[in-house]
Structures are given as structure tokens and as C-alpha cells.
Amino acid sequence: MSVAAKTQDFEPLIVAFCCNWCSYAGADLAGTGRMSYPANIRVIRVPCSSRVSPNFILRAFQRGADGVVVAGCHPGDCHYVSGNYHARRRFSMLRRFLEFVGIEAERLEVHWISASEGSRFAQVMQDITDKIRVLGPNRKLRDSR
Amino acid sequence: MRRIGVFICWCGTNIAATVDIETVIKEAREMPGVVYAGDNKYMCSETGQTQIKGTIVQQKLDRVVIASCSPRMHELTFRKTAAAAGLNPYLVEIANVREHCSWVHKDKDAATVKAVALIRTAVAKAALDTGLEPQEFVVTRRALVIGGGIAGIQAALDIAEAGYAVDLVERTPSIGGRMAQLDKTFPTLDCSACILTPKMVDAAAHPNINLLTYSEVEEVEGYVGNFEVTIRQKARSVDAAKCTGCGLCFEKCPSKVKSEFDEGLALRKAIYVPFPQAVPNIPVIDRDHCRWFSKKKCGVCKKVCPASAVDFEQSDVLIKQKYGAIVVATGFDLIGFEIFGEFGYGKHPDIITSMEFERLVNASGPGGGKLLKPSNQQPPKNVVFVHCVGSRDKSRGKPYCSKICCMYTAKHAVLLKEKHPEAQAYVFYIDVRTAGKDFEEFHRRAVEEYAAVYLRGLVGKVFPSGDKLLVNGVDTLSNQAVEIEADLVVLAAALTPRHDAEGLARMLGIGSDAHNFFVEAHPKLRPVESHTAGLFLAGTCQGPRDIPETVAQAGAAAAKAIALLNKETLLSDPCVSAVDESLCTGCLACLKVCPYKAISDKPLTEKVHGRQRRRLVAEVNKALCQGCGACSAACRPGAMNLLGFSNEQLLAEVDAICL
Ligand code: FES
Chain A
1 MSVAAKTQDF EPLIVAFCCN WCSYAGADLA GTGRMSYPAN IRVIRVPCSS RVSPNFILRA
61 FQRGADGVVV AGCHPGDCHY VSGNYHARRR FSMLRRFLEF VGIEAERLEV HWISASEGSR
121 FAQVMQDITD KIRVLGPNRK LRDSR
Chain B
1 MRRIGVFICW CGTNIAATVD IETVIKEARE MPGVVYAGDN KYMCSETGQT QIKGTIVQQK
61 LDRVVIASCS PRMHELTFRK TAAAAGLNPY LVEIANVREH CSWVHKDKDA ATVKAVALIR
121 TAVAKAALDT GLEPQEFVVT RRALVIGGGI AGIQAALDIA EAGYAVDLVE RTPSIGGRMA
181 QLDKTFPTLD CSACILTPKM VDAAAHPNIN LLTYSEVEEV EGYVGNFEVT IRQKARSVDA
241 AKCTGCGLCF EKCPSKVKSE FDEGLALRKA IYVPFPQAVP NIPVIDRDHC RWFSKKKCGV
301 CKKVCPASAV DFEQSDVLIK QKYGAIVVAT GFDLIGFEIF GEFGYGKHPD IITSMEFERL
361 VNASGPGGGK LLKPSNQQPP KNVVFVHCVG SRDKSRGKPY CSKICCMYTA KHAVLLKEKH
421 PEAQAYVFYI DVRTAGKDFE EFHRRAVEEY AAVYLRGLVG KVFPSGDKLL VNGVDTLSNQ
481 AVEIEADLVV LAAALTPRHD AEGLARMLGI GSDAHNFFVE AHPKLRPVES HTAGLFLAGT
541 CQGPRDIPET VAQAGAAAAK AIALLNKETL LSDPCVSAVD ESLCTGCLAC LKVCPYKAIS
601 DKPLTEKVHG RQRRRLVAEV NKALCQGCGA CSAACRPGAM NLLGFSNEQL LAEVDAICL
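Chains as they are written, first to last, in the working numbering: chain A, 1 to 145; chain B, 1 to 659.
Worth flagging that the hints you see were computed from the coordinates, not collected in a lab.
What you are looking at is a predicted structure, and each value in this text was computed from that prediction instead of being measured.
Warning: the hint list may mix true and false statements.
What the hints assert, rightly or not - Taking beta-carbon pairs under 7 Å as the criterion, some of the chain B residues facing chain A (in silico):
#1 V104
#2 G511
#3 E648
#4 L650
#5 A652
The beta carbon of each residue, even a glycine, is placed where N, CA and C say it ideally should be.
For reference, chain B alone in the conformation it holds in the complex (with noise of 0.2 Å):
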């Protein structure tokens, strides 16, 4: 008979206030096989994990079930615990009683009925388990960091300094991402490229660095400690060996684009380089646009080429890599303005967006960084700033705060005064957060030194009149309609993850919530991890955030990944295929449906009756095996099964979940 200890958490009132413990702990102690249940207000405190490890000894328990939060979330802690205590970690199981019950259900009564029956579900697995010991294989010492913004390129820095090699995928043809757009960074004022050019540089000049850019991840496979990537370089048209960087392929260049760099506000050409200071400064050709691509005309930057490094043959490269562990730091999109009509966006060009209006103050942006109206290029005199649009609207864009639009509009209020003193700012807002170092001196410095005018409301309507834009709001602390003649709107649009995300997140395998930003392994414990293991997270593709907040999470990613690394090997999970050569027949249906080809068949001789006899079975590979059981599934005959979740436990976790 088995000695199976219950341990049930209460995980303070998160499980406690729907789920009745004392019926669940009464009815756990008839369970087949239990000996001991009982219960601790936090499992996995201390005092329970000493409960546990206690009762282990002192009941002689051979199979433990923690009744607590999802196995995704403490297995690992709850089996560490049972090893101290001298028992093998795989002869553990979780009851999920708050994921899958008592977070999802409200009705008491129901609640404790699903908690037993999930309870019982794994004491009957538990009866089952085996004892299993983990294998050791070797760690591929690199690293991947998807997206070349500040995020990537301070998790590829600090890796690198760490010493080991990192990949650096960035799609764009250079590295630099948002921060590269920005003008000034609030609270401080310091100029973003100043401090940013520095450190793209830094990252194209490390050993340890190699720079993809125009790249994209295309396959990702493999576990932690052996991803296999699969990462396409798209054709630059150019080659990276011979090009110096001259620019007379561009500034010859006759067919002009709308540049992605400066939001559409200024043009470039079809080979360029989407700003001066791009890394590397080799330029792209964007085939799209590009005469040569398109009508087999023109070859103009080919003929000016002084290094002839233009080559039109260029094709796609895949490249094939394997890495320990990957970074992803894809950064944010703005939401589209589609649906909301009202603030005329697309319809006049002075209502802009906030990221428009950071080219236009960007001294290397379009205009020289006079800050000039885009229709007529006249210095604005009033200036309309609206705070979040498509932020915290549950109807039409996103229920969350944006949480970088209150500081940044005020830094805006503050660089048009700079620029144009004669301007006045109207801020129309909601709410000003200003949680942050500084950052509420800072915006009280743009009402009482800059004059900026804060109205607390809506704004209703922006409609263009002769050469001004009409702005109907609320004032809604005088409780008074206003009419602001404005010469420049600008929209605090709602990060968003990249309209691709959700895409990556499939690859990956990674989650992410309703909006698409990544989630994290634990929102406090664990903020830099993935819930896969190998993979971490950095910058506003988990979420808005500031820049401090993007680098001070690079970091964190970083040093989780180097801790990574730095293991040699690491423990394989033993929950693979065996097969019991007894029962196979040789059909070899299973060798079909394994997808890392870690069965092949083997020649058996025995004896039968007396007589020698060969005949094939099948083997399993336990390096290559990944424990998915589809061959388990295929088998006929039964012979294979998998480890940690045979057969026989799965049917009488079936059968104890039906009682």
C-alpha cells in the first residue's frame, strides 16, 4: 500500500475563500492510499515546505500531491522540497486548485467538489508515479537577442561583457529602434541620440556581438539550452563587405519613399540608410520601391557605386544557429487611429502624433528640427497636446495607461516653448502621472515655467478651419466647453505591442496577454522570464515603460540569461518514451509520428521454444526524446509509454476525475 501525504494551500484567501479546506482535507484523508493530509496558509513559505519535508519523514510518506497553484507556477519548488526530504522529485504531483478552480469559479460548493475531484485525480496519478532520474546534457554557450532597440542592444552588451557570443536580430536595416526617433529624454532633457549612438556603436564594435540586421527569426526549435533558430537575412542589395558608406548610391537615387524613420513625414530614397547614424551604415535597398526591382530600369546607384558594392543578384540567406538562450526585445507600435474619427488624424496634416512631433523637434529630422507646421511650414503658435488617446478606453482602444504619454507631453510642452517661445501649449489630460524620479518636478516645471496650460477633459471634436484646427473639449474643472484655434495638434497615442507580435509569440512559445504584450513568468517574482524556460523578456514588448525601466529590465534579462550560459550542462527531463519490448510488435507506427527521430528499430533475438528467433522492436533515443507521447498515443499494442504520464496514469487519473 502506498503512503501518499495531501498537502493542501489555502495561498492566503486566494484558494481558502472559495474552496472549503476542511471538507477537502476530510475527503482527501479517504482517499486510496493517503495517510496524511493537511493543509498550511502558504505551501510554499518556508514553514511549508518544512511541514512538508517534516511530514515526508515522520509518516514515511512514498508519494506527495500539493493541492496549490498551477504545476506551471511552484512543480519545481514543491519537487525540490520533496528531494530534501529524501524523496525522488518525480514521485510529486500538483493538484491545480486555484488556476483551474477556485480563481475560475465562484460558488462555493462547486468549487470544493472540483477541488477533491482534482485532488483525487492526482492522488491517483501519485499511486502511479515512479521515481525518475534526469539526464545531463551540454548548454550551447550563445546567445540570440531579437530586436535591435535600446533593450536588445544593453541585453546584447551586457552578455557580451559577460563573454559569451550573442546574436543580434534586428529587422529594420539598422539597430537603434524607438529611442533612435526620440528627440530629448524627459526627465533630464538629454538628447536621446547622444547617449543612445554611443552605445549602438558600442554593440557593432564588441567581439561578442554579431549584428543581423534586416533580419527577421523565422523558425524557432528546441529547448532551453538548445534553441534552434532559424533567422533570415533578407537581400540588402548591397554588399556589406565592400560598401564604405560613401552615400552616393542614395544621393543619386531618383525614386523617393516616405521614410518609416521620421514617421512619414519626410521622403528617402529606395536604397538608403533610414538615418545618419544608422548601424551599420551600409544601406538597403527596398526592392519595393526600387526602379530596378520593379521595371528592370535605372541601375543608377549600381553605375555611381565607387566600391561596386550595389549587386542586384543579392538573395535572402538563411542562417541556421543554435543558442542556449534567447532574448526578445521587439519594443511598440502606436495604435492605429482608424477608430477614432474625431480627432481628424490623417485628414489634415498639423494633427500629428506624439512620435511625429519628435522627428519635427529632432534636430536631424525632417525640417532641421525648427519645429515648423507640416502644412505649410510656419511656426505653430498654439499647440493642442491630447493625452490618452486610445489609453485607458475600454470601448475603443485599450483599457490600460500608456504610462510614458503624461511625461513626454509635458516634455513637449517644455522643447515648443524652447523652440518658439512665443507658443502656448494647451494639454488636455485626464490624469497626470508622474510616479517617477523627478518626473513631477519635471511636469510641474512645464505648467509654472513653460506656461503650459493643463485642462482636465476631453477633447470632442478637432476640425480643420481655414489654416487653423478648431478643438472643442471640456474643461471639466470649470465644467466649461472650450474652443482652442489651434496651428498644431498632437495626439499621445496607446503603445501597443508590434502588430506582429502575437505571431513571435506562437513561435516562441511564449504567452501573452489580451493585448499582446509578452507575459512574464511571475508579474513580481519573475518579471524577466517567459513562462518557457531560456527565454526572457525586455522593454516595452512586455509592457509600456520608460526607458530607465527598458534598460534596468535588459539588464535583468541579460543576467538571467548569463546565469544561463554560464552552467555547462544542464538536467534533462526525464519524462521520456520506454518501451516495453515484450509487448512491441515491430510495427513501428511510432517511429512515424516522432517528430525529433529519436526512434528507430532494433533487432531482438530470444528464445522461443527452445528455438532462436529475431525480430524487431522498436528503441528509444533518450537524448533526442522530447516526452510528447505521440508515440505512446500511436502505439497498438501498448508497449511505449511515457514516463511521468503512462498509460496506466493517465486512465485512472481519467477514472478518478469522473467519480
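Excised from the complex, chain A in its bound form (with noise of 0.2 Å):
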């Protein structure tokens, strides 16, 4: 099989931690208004983006998922006052280190939005599918089966 339909195949298993407030509301109202993306994306809801430990992140890598987001309220929205920022500060931490232990820090991405934002929902997970897609799948840190 070549390289490109290899790629063609490859089906990315994507897991999105959304916070209740925002993304996850979000993700609702691109249900609600029937705009589709990719059934490779998975969402697991967390209270707030803040909840969401790098642990998680490093599990989820570690059982096989390909792209890991991580979408809470804009900057300034947080349900909780500050809990986004401190998800910020942690996850630009966490793909550095990614990074240095040699997975490409592509694969996980932090988002902002909001309640209202459906449309954008749906976007984000089509484009980082795409990007996975590309990619490849994460083989770096996944169980050896």
C-alpha cells in the first residue's frame, strides 16, 4: 500500500475536552443546527478547561488517540473567572514538553469557544481532523497492542 492511501485509510481518533459552559454548549449547537464534522472526533465533558489535567492528555495519547483538544470559554469568559488561563499557561507547558519527548505538539490543540459559537465548533473539528489526517497516526506514545 502506498504512503498516500495509507493516509487515505487512516481514520484519527480525536478526543475534545470541553468545558460545560462554553465548547461543550457549543458543541450542542452545532448538533442543534445539524453542522457536521468528522465522526472521528470524541467529546468528553469536563466542568471547566481548567479540570482538564495534562494527565488526561497524556492518557488519551497513551490508549491510541491521534489529536487531543482541549476547548473552554474564550479568554475572559470562563465561567469559573480564571480557570481558562490557567488551562492556557498549563497546556502551552504541556506541548513544549511534548514536544521534547518527541511527539509532535500538533497534536494537541487548545480552543476558545463559546455557547454561541456552533459553527465554529464544527470547523475546529474538521480542521484539526484534517491535520491529524496528514499527520499520521500518533505512534510515539500509544500501547503497543
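Each of the two chains sits in its own frame; use the hints to bring them together as a complex.
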């Protein structure tokens, strides 16, 4: 099989941690508006982007996720005032760490998506799926099975 | 071993059309801990809920997973169902297979695989659920209404009548809103001001209503029952306590500015009340246009004021107040015309918006309601009205129907004929929509009694020719090009939310749609509630609507707010943080990230190898904790955990979702 064909067949698994107040609601709105995006995206609900521990992300990569998105409220709009600022700092560090250990930092994306941005949610999810598709499967951290 | 029950909802065809329910049931039965998997056409219905309750008892279920719509929709419903069957409501998990799956994917195989994964994830989480008990907290029995138009006034009056204190915040110097600008109202043609002003006065006089005009909401914190709001009361530069409303100041003020209230068709002074019936009848200095503030010259108003009420030194006041409920009623703007060059708006004074028409025909408006052409103050003969400017226009404007334009244009045609019997109205329309009580009858009167000529078609171009305006359009019914020599062209512009609605939505944490109209919690069943508990919606901030609908909605929003304020206490969310003291090292990284100051340090004395030792550990104040979980992610030893979203649960979810 050629490399091109492989990328064609490759269906990435992307885990999206969405904060309950903005991004999860944005994802709901994408649903209500029937805005389709790839089924590769699977959402885990968290109260706030600040709830997401780097451990969860590493675990996702280890368990075979090819990409991870953390989505929260826009800066300044966090339901819990400052959660997304902590998240932002935490994940820019984590991206550097991923790079340091040899995992493409592009596999982790952090986005701010509000409850009213259903179409943006769909777009962001489409974009990351396309990107990860090009990047190929995550082999570095995945458990050998 | 757990005894988990999985209940899969078809949601009619909403889920079942894209997700193969049979496969899902089969897969679910194989999941660890699952002892039952069943389906129902509508899990949220009575039969669905009975099925859940019955199965919990029969199968002795200790955890329940519902695969259905978003937890934001029915989590509460299903928690109550479980509780009714004797299960702790926090032992219920929802797999969102509608909004996050069947509605966004078209391929049935892919959607089914994903639905199974989402259910597996919910099952994994449920297995680690623990029963939780909510705590009670006290409700602040005071309401905030944002926006002082008819919606806000009505909501404030209703809440106040029920006996609760209300703060009514209005950005402009007076309450009244759009309705105060209107002349007559369709289809009864009663005078807008005559029915509105008494309500404005009632609101001002009501002992339970506190008017905060010339004020804006600046910050909103907290949650249902206990919102903490910061309101900026802008400096009026006039002492409200001293002012008698005599009006000498604006009589003498030399600086003239276009009046916002008169849609720029008339001038006001730099110190002004927006309109004569303004409530409160206290002037404001528009500091951007006042000579004292720009050049430190003039000061005439201060000199002439017999009550010494003018105060140049006044500064903004920040008011911090707690509220149990908030009603949002911020109203509408008209779409900007920049993109509709063909209508020539702004290039000729006789091309006006429907709102400007309202002012021209209004007895208290510019020209005393004589309805004269703005260019030369002559009565117009031929008046062309254009429907749907920016509405139902996907490519350049808004795809939606602005709902009220058909009716107010018919009203304008009638008013035109009443002011100037010799004048002729031409109306270009796409469709005439007259769904409403007495609407169709009114429209027929405009056509039959008032001889308005309705032309089905679009206007291609409007351009000045001499002192007239040439309107080129098509009549698609006769398939002919029409050219009308008009004296006045009135554009029925699309309604949009206020230009800054998006910012407000973010501040409040409520959703808005693609056009920035605020989104209701459910379009059919919860039309006045937002997705955020304790925040209610009224009027055109939620979508185009007419006055009676606005008033009805405001009443409904008030009723919801009253029902909330009526409760002495609410139950708090028990999903708060908890410390495992045996793991806590006392580093207190959690304390630094907590936005609510809910974490403190606590000394612990324990016996280690027979010796007393003292060490510090973190302690969570459950009443203050709001359950964001920032601390649990910051905690390195993993001592801090969030109930309902524990580390173990989230890791189990990750494992399950990646399978
Ligand atoms: S609640 Fe959305 S990021 Fe904090």
C-alpha cells in the first residue's frame, strides 16, 4: 500500500475535552444546527478547561488517541472566572513537553469556543481532523497492543 | 460487580435514523458492569421514565446510563427519574448521542460506532460514580432587569408586583426603549406613547423598582440565586436629587448634536433629556459634545440652573449588588445599510429607514408629525416602501424574516394617507406575512381603503433625479419593469440584536445564535429561559417579535424569575472538590488557582511512628467551591479530587473513549 493510500484509510481518533459552559454547549449548538463534522471527534465533558489535567491528555495519547483538543470559554469568559487562563498556561507548557519527548505538539490543540459558536465548533473539529489525518497516526506514545 | 442499566433513546427518528439502535443495544450488553440495555422511542416521555424506574427496581440497578440528547437538556429529568426509583440522582450518566452524534454525522455506520463509544465512556464513568448529597443555600431575593424598553419595564413591573425588589438597568438616559420612538401601533393604531408612558411612570413610581438609567452592566459573577453584578452608573453631570426637570439648562445650551431618539432627524443639545416624556425627567450632559468638557468654556447650564443641580465634577459610580435572578431585555438595532448601496441610503435625505418614518409621522417628532420630506419640508406625494431590506437575504443580509416589517409598512401606508390624503403609497414586497390577530384584516384595509399599491418584486436601484427619487424595480406578477418617481423612499430594515449583544452574552454566560440573538433553553418548551439557570430572556434580544409578543414574553420571564425568588433556598451542586488528606503534601498549589478562595490550609496532627507530627493540608469550603476542578488538575500528589468529575472517572472515560 502506498503512503498516500495509507493516509486515505487512516481514521484518526480525536478526543475533545470540552468545558460544560461554553464549548460543550457550542458542540450542542452545532448539533442543533445540524452542522456536520467528522465522526472522528469524541467529546468528554468537563466542568471547565482548568479541570483538564495533563495526565488525561497523556493517557489519551497512550491509549491511542491521534489528537487531543481542549476547548474552553474565550479568555475572560470562563464560567469560573480564571480557569481558562490556568488551562492556557498549563497546555502551552504541555505542548513544549510533548515536543521535548518527541511527540508532534500539533497533536494537542487548545481552542476557545463559546456557547454561541456552533459553526466554529464544527469548523475547528473539521480542521483538526484534516490536520491529524495529514500528520498520520500517533505511534510514539500509544500502548503497544 | 456493578449493576448498570443502559437506556437508549430513539428520540423519534432524531437518533434512530442515524444510529443503529439494535447494534447499540447488543454492544451495550457486553460492556463491563452492564446488566441491562433497553430502548424507547422517547426515553424522556412518561413511558420511557416508567421503563427506567421499573427496570431500576426489577434489575436492582445501582448505576444508570441514558443515551439520549445532551445532558444540558435532560440530565435533570433523568436524575429525578432515578431518584423517584430510589437511586441517588448522581448515579446517572448521560451519553450525548444526539447533539454530539446523530445530528452531526450522516454516515450511519460511523455514527453507530461513535454512539457505542460514547455509551461505553458513560458506562465507564458511571461505574465510578458515587452518590452525592446537595447542600442548601440561600437565594438573594432581588431581581435585575437589563434593558428598559417595554420588555424590561413589563418584566420589572410584574416582578415588583409580586413583592420582590427589582433593579431596572437602562443604558440611555431614559427608559422607554424603541416603543417610545414609535408613533402608532399596528393593527389597532393606538398611540404608542399613550400606552407606554403610563407604564414608564408606574415603573418609576413603584416602591419595589429601582431605576438605574444611564447605567450599564459591567460584570456578572456568581450563579443562580446569587449573582453578583457590577453596574456602572455613568456620570449624568446633573444631581438627580436636586434637579426639578425645569428644562432651563437645555433651553440655553448652545451646543447642538443629532438626536439619537429622533434617529438623527432633529437636533438635541449637549445637555438633554432624550424626549419630553423621558423617565426620569432629569437631563444628562453628553460629555463628548459639551463645550465645558471639551474646552473648559461655556458652563451656561450650570449658571442658569435654578436648583444648582449641574455638577461637572460628578463621576461614574460602580454599584455592586447581589441578585437571585436576571431578566435580559436588551432589544434590537436595525441592520447597517452600508452593504445595500442600491437603495442609496445616506446619499439623499429623502431615503429613510422605517424607524425614521416613525419619527417623522410622530406628533412629538421632528416637524411635529406633519410628515414632510426631510430635504425640503414639503409634503410627499409618491412614497415607495421597500420590504425586506436585509431580511430574507442570505447573501448580503440576514436569512431570517424580521417579522414585523409587513405589518408596520401597512401601518405606514395608512398613516401616510391619513396625513396626506392625496399621497400614494407603493409597497415593494416579496411576500406579505400577516399571521396575527387582526393582521390580515388590517393589511387588506391598507390596500382597499387606503389604496396602497402593492408590487410583488424587488427594487433594483434608487437614485436622485432633480428633487425626486427614481425607483427602479420589477413587478414579478406582471413581469414588467416599474419606474416610480418618488418623493420619499422608506426602507424596512432587518432587525438585528444590539450591536454589542455578543459581548453581553459572553459576560452573562448565555448562548447566542449565528446572528447574536440570545438563545432560549428550549425553543418550544422553555422559550424565556436561557441555558444558564436564573437568567431569563424577554423581547427582541431573542429574535424579531412585535409588542404584544414582547409583553407576553416579558410577563413569562417575570413569572419564571418570581418562581425562583419565591424559594428561600436552592440546592447547591454537590460536585465540589474534596481532599484526600493522606495524600496531601500541603504544597497548596490548589489554593493559588482557586478563583473562589474556597481553599485554605489546615494543620493536622497525626501520629507517625509513635510520635506526634504536625503538618499542613488543604481544606475545601464546600459552600464557596463552585466545582470548576482547577485545584484537582493543579494538585501534583493527586490529593484533590472533584466529586462527579474525579480523576479516576476522567481517566476511565479517556480509556473507554479511546477503545
Ligand atoms: S468554564 Fe469554560 S473554560 Fe472555564
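A quick look at each hint next to the structure:
1. V104: holds, 5 Å
2. G511: holds, 4 Å
3. E648: violated, 11 Å
4. L650: holds, 5 Å
5. A652: Hint on A652(B): violated, closest Cβ of chain A at ~10 Å, above 7 Å.
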